[in-house]
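Visitor: Residue-level listing of the chains:
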Amino acid sequence: MLRYVASKFFYMLVSLFILISATFFLMKAIPGDPFMGEKKPSPEILARLMEQYDLDKPVFQQYTKYLGNIIQGDFGLSMKHQGQSVTDIIVDTFGPSLRLGLIAIVVSVIVGVLLGMLAALYHRKLIDNLAMIISVLGIAVPSFVLASMLQFVLAEKAGLFNVMGFDGPLDYVLPVMALSAQPIAFIARLTRSSMLEVLHSDYIKTAKAKGLNWFAIMFRHVIRNGILPVVTYVGPMTANIITGSVVIEQIFGIGGIGKQFVESITNRDYTVIMGITIFYGILLMLARFVTDIVYVFVDPRIKLSGGKEG
Amino acid sequence: MEPILQVKDLNVSFRVRGGEVKAVRGVNFEVGKGETVAIVGESGSGKSVTAQTIMRLIPSPPSEIKKGEVIFQGQDLLKKTNKQMEAIRGKDIGMIFQDPMTSLNPTIKIGKQITEVLVKHQRMSFSEAKKQAIEMLKLVGIKNAEERFDQYPHEFSGGMRQRAMIAIALACKPTLLIADEPTTALDVTIQAQIMDVMKEMQQRLGTSIILITHDLGVVAGMCDRVIVMYAGEVVETGTKWEIFKNPQHPYTKGLLRSMPRLDQKKDEPLIPIIGTPPDLIKPPVGCPFCARCDEAMKICERIDPGATEFSDTHMARCWNLHPMAKEAQSS
Numbered sequence: 001m002l003r004y005v006a007s008k009f010f011y012m013l014v015s016l017f018i019l020i021s022a023t024f025f026l027m028k029a030i031p032g033d034p035f036m037g038e039k040k041p042s043p044e045i046l047a048r049l050m051e052q053y054d055l056d057k058p059v060f061q062q063y064t065k066y067l068g069n070i071i072q073g074d075f076g077l078s079m080k081h082q083g084q085s086v087t088d089i090i091v092d093t094f095g096p097s098l099r100l101g102l103i104a105i106v107v108s109v110i111v112g113v114l115l116g117m118l119a120a121l122y123h124r125k126l127i128d129n130l131a132m133i134i135s136v137l138g139i140a141v142p143s144f145v146l147a148s149m150l151q152f153v154l155a156e157k158a159g160l161f162n163v164m165g166f167d168g169p170l171d172y173v174l175p176v177m178a179l180s181a182q183p184i185a186f187i188a189r190l191t192r193s194s195m196l197e198v199l200h201s202d203y204i205k206t207a208k209a210k211g212l213n214w215f216a217i218m219f220r221h222v223i224r225n226g227i228l229p230v231v232t233y234v235g236p237m238t239a240n241i242i243t244g245s246v247v248i249e250q251i252f253g254i255g256g257i258g259k260q261f262v263e264s265i266t267n268r269d270y271t272v273i274m275g276i277t278i279f280y281g282i283l284l285m286l287a288r289f290v291t292d293i294v295y296v297f298v299d300p301r302i303k304l305s306g307g308k309e310g
Numbered sequence: 001m002e003p004i005l006q007v008k009d010l011n012v013s014f015r016v017r018g019g020e021v022k023a024v025r026g027v028n029f030e031v032g033k034g035e036t037v038a039i040v041g042e043s044g045s046g047k048s049v050t051a052q053t054i055m056r057l058i059p060s061p062p063s064e065i066k067k068g069e070v071i072f073q074g075q076d077l078l079k080k081t082n083k084q085m086e087a088i089r090g091k092d093i094g095m096i097f098q099d100p101m102t103s104l105n106p107t108i109k110i111g112k113q114i115t116e117v118l119v120k121h122q123r124m125s126f127s128e129a130k131k132q133a134i135e136m137l138k139l140v141g142i143k144n145a146e147e148r149f150d151q152y153p154h155e156f157s158g159g160m161r162q163r164a165m166i167a168i169a170l171a172c173k174p175t176l177l178i179a180d181e182p183t184t185a186l187d188v189t190i191q192a193q194i195m196d197v198m199k200e201m202q203q204r205l206g207t208s209i210i211l212i213t214h215d216l217g218v219v220a221g222m223c224d225r226v227i228v229m230y231a232g233e234v235v236e237t238g239t240k241w242e243i244f245k246n247p248q249h250p251y252t253k254g255l256l257r258s259m260p261r262l263d264q265k266k267d268e269p270l271i272p273i274i275g276t277p278p279d280l281i282k283p284p285v286g287c288p289f290c291a292r293c294d295e296a297m298k299i300c301e302r303i304d305p306g307a308t309e310f311s312d313t314h315m316a317r318c319w320n321l322h323p324m325a326k327e328a329q330s331s
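Protein chains in written order, with UniProt numbering: chain L, 1 to 310; chain C, 1 to 331.
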């Protein structure tokens, strides 16, 4: 187990290094600079700014210097927001995104699993068909389309919610719906098929032959085994929801990290782009890593082993 | 001998698209106390359906019990509610299935899977149940039972899992054990061990056993009486010796002939029963075996043969056994 954690950690560092390098050079390949805009500074000031942020040096030199800085935990200052460090920006903007993301994750898992379980229990009946129609729609309709539709129908026409903004608890409803539609659909399908498999398995027949009642069979034998595949999916989904809110935050005007990320790219705010990319990268890797570890505890058949010992 | 189980005129069908598969058609038999009864026959002959109907384990729909009675300890199990059956399953009747690799829940410890029955039926506390479960594991021949108690099914071999299944089925000391092809999925040496465990447990607990199998070798080693099923009907029943020494029905004879023998020459082919069983959506009106029977007469196609009794225990259903059959053939 310890060996597994160590080797996984090493690979995570390697992927992070590749991610940083690739993003850095790609970013530099985009034409323009942070100081382009409607009010172009005078050439003297521009030269000063370039010098201050080391942008006048060769790209490779900038790269090595940047690497040196982040190893010391210094992600630099934003080039657009005067005097704000990248770390501050991430800390400030991650809050709303995290809250939104966590709610969406909880909603996705609960609704998805319930829908899938109902579909499995009423296999080939009306409920099953409805659940599967919902989940096909959920997978097929992109979240930004759904978001606009929700805004139009529930906010604009019905007037139940604000079209944009992120102040009261009600403002969470539409973004959460838009964010969790796809995961709900996926989890529902996953749960349904694995529950059906479990319900028809021999050990459920054994459980019946033991004289256990329906509740004992469902809660002790069916549900746990039926939602195992969902555990595998939740890790990557967590990362996807938190990073995937980039578009949703933009649509609903939520001042989260996703919106910040998009802005930083349009502004060529180099340090912020790098900072958020690294942050997202770490988040994704951690999510997968935690999934692996959690799986060991929920499925006794899985043993983690690190390195070459298979 | 006082029968503990009587199956009377049992008829079970399955609804499928295109009709109704009449899987069990008028089956009668009895199981006495402490007796071991084998039900043999090829796949699709209705053996497992009969067994699972006794336990009321086949889902309905698609299955439907058309008529019949299953009298167990004086009560008709087919009239019980599901709740009443739950109290009988695992307590008075235990069951073992064919494939030990898939019959245990992979995510629950072996011990927990045994204590589950004890807690449910004997109202034991977990620690009492644990003690009892370890005792059961020892009885079925699992070494280091204390350690094994906390292991998962994937840490057990196939034979050990089947032993654990036996421990589960017998934990509450049931009056009847139904073993549905308990050795089919195991290799031969393990088969013998499992049969030994079952025999030993039977002697210790006085349990009656219904053993469903294709394997006539297993029957010879373990059973008192044999029921031969074909196409959902009982075609011959008798004590083990009556069936092996003096088979009457052509199907039983064919089954015995098809068994490989130790004194057989290496290149001598096995003797199969040619043909396939009839379609049970439209079961034949006459003898179900007549299309594959060497001794078939005209009447076999048209009228189902009645039972001919040779002793109190030996019965077969074949027109050739009718007193007038000789004359019919010669004319």
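These are calculated hints, taken from the structure and not from any lab test. A few of these clues could be false.
[What the hints assert, rightly or not] Okay, the calculated beta carbon distance ranges per label pair: (1) L:Glu-197 <-> C:Ser-157: 20 to 30 angstroms; (2) L:Val-145 <-> C:Phe-126: 31 to 41 angstroms; (3) L:Val-14 <-> C:Phe-126: 22 to 32 angstroms; (4) L:Ile-139 <-> C:Lys-143: 29 to 39 angstroms; (5) L:His-200 <-> C:Phe-126: 51 to 61 angstroms; (6) L:Glu-197 <-> C:Lys-266: 20 to 30 angstroms.
[Claimed, not checked] Under 10 angstroms between C-beta atoms, here's a sample of chain L residues computed to sit facing chain C: (7) Tyr-203; (8) Ala-216; (9) Thr-232; (10) Asp-292; (11) Val-296.
[As the list claims (entries may be wrong)] Capping the alpha-carbon separation at 16 angstroms, the derived lysine to aspartate or glutamate pairs in EDC-like fashion look like this: (12) C:Lys-138 <-> C:Asp-215; (13) L:Lys-303 <-> L:Asp-292; (14) C:Lys-253 <-> C:Asp-215; (15) C:Lys-83 <-> C:Asp-99; (16) L:Lys-303 <-> C:Glu-69; (17) C:Lys-109 <-> C:Glu-147; (18) C:Lys-80 <-> C:Glu-64; (19) L:Lys-205 <-> C:Glu-181; (20) C:Lys-131 <-> C:Glu-155; (21) L:Lys-205 <-> C:Asp-99; (22) C:Lys-112 <-> C:Glu-128; (23) C:Lys-109 <-> L:Asp-299.
Please read all numbers here as calculations on a predicted model, not as lab measurements. Note that beta-carbon positions come from the ideal geometry of N, C-alpha and C, so glycine has one too.
Visitor: Less than 10 angstroms between beta-carbons is the criterion; does L:Ala-216 satisfy it with respect to chain C?
Guide: Given a least distance of 7 angstroms, the restraint on L:Ala-216 holds.
Visitor: Run the distance test for C:Lys-109 versus C:Glu-147: straight-line Cα separation, threshold 16 angstroms.
Guide: Holds, at roughly 11 angstroms.
Visitor: Given the hint that C:Lys-83 pairs with C:Asp-99, test it: the Cα-Cα distance must not exceed 16 angstroms.
Guide: The hint is violated at about 27 angstroms.
Visitor: Hinted pair, alpha-carbon criterion (16 angstroms max): L:Lys-303, L:Asp-292. Please report holds or violated.
Guide: Distance of about 10 angstroms is within 16 angstroms: holds.
Visitor: Quickly compare the C-alpha distance for C:Lys-112 and C:Glu-128 to 16 angstroms and report which way the hint goes.
Guide: Distance of about 12 angstroms is within 16 angstroms: holds.
Visitor: Could one say that the CB atoms of L:Glu-197 and C:Ser-157 fall in the range 20 to 30 angstroms?
Guide: holds (24 angstroms)
Visitor: Quick check on the hint: L:Tyr-203 CB to chain C CB, less than 10 angstroms?
Guide: holds (4 angstroms)
Visitor: Please test the hint of 20 to 30 angstroms on the beta carbon pair from L:Glu-197 and C:Lys-266.
Guide: Between L:Glu-197 and C:Lys-266, where Cβ atoms are some 44 angstroms apart, the hint is violated.
Visitor: Assuming the hint says 29 to 39 angstroms, is it satisfied by the Cβ distance from L:Ile-139 to C:Lys-143 or not?
Guide: Given a distance of about 51 angstroms, which is not inside 29 to 39 angstroms, the answer is violated.
Visitor: Has the given pair, C:Lys-131 with C:Glu-155, been kept, meaning a C-alpha gap of at most 16 angstroms?
Guide: violated (21 angstroms)
Visitor: Does C:Glu-181 lie within 16 angstroms of L:Lys-205 when you go C-alpha to C-alpha?
Guide: holds (15 angstroms)
Visitor: With a cut-off of 16 angstroms on the C-alpha distance, tell me whether L:Lys-303 and C:Glu-69 pass.
Guide: violated (50 angstroms)
Of the numbered hints listed earlier, those contradicted by the structure are 2, 3, 4, 5, 6, 9, 10, 11, 12, 15, 16 and 20.
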